[in-house]
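These are the residues of each chain, in order.
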Amino acid sequence: EVQLVQSGAEVKKPGESLRISCKASGYSFASYWITWVRQVPGKGLEWIGRIDPSDSYTNYNPSLQGHVTMSVDKSITTAYLQWNSLEASDTAMYFCARGPNWLDPWGQGTLVSVSS
Amino acid sequence: DIQMTQSPSSVSASVGDRVTITCRASHDIKTWLAWYQQKPGKAPKLLIYGASSLQSGVPSRFSGRGSGTDFTLTISSLQTEDFATYYCQQANSFFTFGPGTKVDF
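Top line first, the protein sequences correspond to chains A and B. With the numbering used here, the residue at position 82 of the first sequence is 82, and numbering never jumps. Just so we're on the same page, the numbering used here is the position in the second sequence counted from 1, plus 1000.
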């Protein structure tokens, strides 16, 4: 079964750093891009970016580039999304999903809460 | 940037109804369009890709049409489990999601 399992919920303060993870299983990890999407509670879906696990090539949403960083560790078939300095506006549910274009399946989501 | 709009933003329907949701792209995206269903507290689920191809395991009451800038998702006979929010997504130039259409009672 193709599956993406994300790390648990996080509560952080503004200015803190954070890395969340997305563990893939059931398929050849290097063969499919991983895409990250965020959703502010009660709002719509926003594309963050995507990463090709075979060579770590990335595409970012221009509005978020420089604020978040995507990476992968092929040895443990895991993708990461990280922040060096969180802001309150980063509070959202973060999803990983498989695919460069059509996203399937999705991880269960990681809720990130940023508040002083 | 390619912008996506959806209409209506919400629709009230009953079991057995035929429901059609429209998605419009600001530029020609050919058939680079997908539809997702999201239920509260859950991740989105892929329903349709390539504008009209049904994802494996998705009931045949769901169908998609369109190309270029105008697209539709139709649920031919609404079932209880179909009450959810539906999003379109373009993949012609990176990604953009539509704002969503909530289907409720």
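These are calculated hints, taken from the structure and not from any lab test. Given the structure is predicted, the values throughout are model-derived calculations rather than measurements. A couple of the hints might just be wrong.
[Claimed, not checked] No more than 35 angstroms apart at the CA atoms, straight line, and that leaves these computed lysine-lysine pairs for DSBU-like:
#, chain 1, residue 1, chain 2, residue 2
1, B, K1045, A, K12
2, A, K12, B, K1030
3, B, K1045, B, K1030
Structure-based check of each hint:
Restraint check for K1045 (chain B) and K12 (chain A): the C-alpha separation of about 29 angstroms stays at or below 35 angstroms, so the hint holds. About 42 angstroms separates the Cα atoms of K12 (chain A) and K1030 (chain B), which puts this hinted pair outside 35 angstroms; it is violated. The suggested pairing of K1045 (chain B) with K1030 (chain B) holds, with an alpha-carbon distance near 22 angstroms, which does not exceed 35 angstroms.
In summary, the structure is inconsistent with hint 2 from the numbered list given earlier, while agreeing with all the others.
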